[in-house]
Amino acid sequence: MRKLQQDYLVVGFALFAMFFGAGNLIFPPYLGLLAGSRSMPALIGFLISGIGLPLLGVMACGQIGGTFIHMSARVGKGFSLAATSALILAIGPALAIPRTAATTYELAVQPLLPSVPPLLSAGFFFLVTALFVLKPSNIVDNVGRILTPGLLFVLAVIIMRGLLVPIGPVVDTGFAQPFAYALREGYQTMDAMAAVIFAGIILSAARDRGYTGGEVKRLVLGAGLVAATGLAFVYGGLIYLGSQASTLFHADVPRTALFLAIARRELGAVGGVVLALAVALACLTTAIGLMSAGASFFSKYVFRERVSYRSLVVAMSLVSALIASSGVKEIVALAVPVLTVLYPVVITLIALTLMGDWAGEVASWRLATYTALVVSTLETLGSLTRSPLLQTLLGFLPFAASGFAWVLPTVAAFLVGQAYGWLQRKELASDTAESRLR
Numbered sequence: 025m026r027k028l029q030q031d032y033l034v035v036g037f038a039l040f041a042m043f044f045g046a047g048n049l050i051f052p053p054y055l056g057l058l059a060g061s062r063s064m065p066a067l068i069g070f071l072i073s074g075i076g077l078p079l080l081g082v083m084a085c086g087q088i089g090g091t092f093i094h095m096s097a098r099v100g101k102g103f104s105l106a107a108t109s110a111l112i113l114a115i116g117p118a119l120a121i122p123r124t125a126a127t128t129y130e131l132a133v134q135p136l137l138p139s140v141p142p143l144l145s146a147g148f149f150f151l152v153t154a155l156f157v158l159k160p161s162n163i164v165d166n167v168g169r170i171l172t173p174g175l176l177f178v179l180a181v182i183i184m185r186g187l188l189v190p191i192g193p194v195v196d197t198g199f200a201q202p203f204a205y206a207l208r209e210g211y212q213t214m215d216a217m218a219a220v221i222f223a224g225i226i227l228s229a230a231r232d233r234g235y236t237g238g239e240v241k242r243l244v245l246g247a248g249l250v251a252a253t254g255l256a257f258v259y260g261g262l263i264y265l266g267s268q269a270s271t272l273f274h275a276d277v278p279r280t281a282l283f284l285a286i287a288r289r290e291l292g293a294v295g296g297v298v299l300a301l302a303v304a305l306a307c308l309t310t311a312i313g314l315m316s317a318g319a320s321f322f323s324k325y326v327f328r329e330r331v332s333y334r335s336l337v338v339a340m341s342l343v344s345a346l347i348a349s350s351g352v353k354e355i356v357a358l359a360v361p362v363l364t365v366l367y368p369v370v371i372t373l374i375a376l377t378l379m380g381d382w383a384g385e386v387a388s389w390r391l392a393t394y395t396a397l398v399v400s401t402l403e404t405l406g407s408l409t410r411s412p413l414l415q416t417l418l419g420f421l422p423f424a425a426s427g428f429a430w431v432l433p434t435v436a437a438f439l440v441g442q443a444y445g446w447l448q449r450k451e452l453a454s455d456t457a458e459s460r461l462r
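The numbering used here runs 24 ahead of the 1-based position in the sequence shown.
Calculated directly from the structure, the hints in this document are not laboratory data.
EDC-like cross-link-like pairs, simulated, lysine to aspartate or glutamate; straight-line CA separation at most 16 Å:
1. K27 - E239
2. K241 - D31
3. K353 - D276
4. K450 - E385
5. K27 - D232
Label pairs and their calculated CB-CB ranges:
6. L405 - P193: 37 to 43 Å
7. K353 - D381: 41 to 47 Å
8. P422 - M379: 19 to 25 Å
9. R334 - F148: 18 to 24 Å
Beta carbons are placed, not taken as given, at the ideal position from N, Cα and C, and that holds for glycine.
Let the sequences and hints guide you as you build the complete structure.
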């Protein structure tokens with residue numbers, strides 16, 4: 025029992041480090057700024073999608089002993105490869121990797137060297153990233169081990185100061201639907217997608233400690249609670265600090281500018297710069313890990329080794345630099361429709377996996393997954409095009425006003441698939457019995 029409790033902490037801190045993306049720190053303060061006195065429902069929504077879903081994703085992967093490419097294989101081999109590729113593009117060169125460089129520029133480079141253009145900063149960032157990816161070094165791992173606890177300590181100081189000496193009064197901002205908005209804002213962390221792609225790291229850590237079968241699930245659950253506690257403190261504290269700033273900043277303030285202003289307010293100008301540089305270095309370590317994993321996946325599964333790992337690293341660096349130069353605000357805006365389509369599929373597959381034998385029919389997996397994909401795509405198209413027809417049709421579905429029109433149709437499709445599979449098996453059993461009687 026003592027060993028299990030110790031491993032809860034060890035694996036729990038590993039999970040915390042996996043989900044504690046420096047680039048994600050810009051979202052909670054902005055959410056608090058918008059929500060004001062309605063920060064509690066906003067916090068609950070953000071914790072569900074930013075922490076709860078990733079933990080469920082790791083548990084689902086532990087249940088099948090694999091990652092997303094294995095989880096989605098039940099829908100179809102082609103779908104599995106396409107969906108996994110889409111997820112890795114999102115947490116790779118299309119969104120998450122460029123955001124690390126853009127965050128670094130806006131937090132660390134621009135305040136210190138305002139004359140440096142974004143593209144030059146991004147180019148240098150990805151030159152360094154590519155060098156480390158192509159020539160792996162223990163320096164990155166060592167920096168990561170030091171930065172994570174160091175960042176956590178500095179953030180704890182900021183949060184505690186904010187609790188003792190508030191930035192300003194928490195007021196009612198009149199923000200509508202804070203829970204639903206925060207639930208969708210949690211998509212921006214992309215941690216649920218990262219969890220089902222990189223869960224193998226955590227599962228390997230469990231097996232290396234001698235755990236098998238149900239013990240792995242138990243360890244992941246306990247470790248998950250440890251990680252969730254740490255993340256809830258960080259996210260909750262930053263949301264509360266943001267809510268104190270509602271009277272000082274307008275809602276159109278850039279997320280990075282708000283985070284930097286709060287850091288400077290609590291730590292002073294020098295402390296704010298130190299924190300910004302630490303976040304920038306943490307963003308670099310994140311980018312290195314994501315780029316290495318992305319290049320490996322595409323070289324092995326998509327291009328079947330016909331395109332080299334090195335070539336993919338160079339291509340990903342160039343694409344990421346171009347996207348990063350557009351800025352954090354634009355990348356976040358670009359991410360909204362992409363994540364609105366992908367997240368329902370990921371959530372559906374996590375739920376189906378966790379249901380185990382209760383979701384045993386292949387038909388239910390396919391119907392539920394494709395329904396989630398189609399409805400979320402239509403919902404996204406309706407939002408982008410402002411199509412009266414799409415908005416009217418989707419408006420008949422429950423939760424459409426909150427951005428979750430896909431939920432009920434997906435549940436209905438699952439039930440239809442289960443019933444269809446059950447009837448098929450019953451008919452097959454009946455035919456088999458009749459043939460034996462003959």
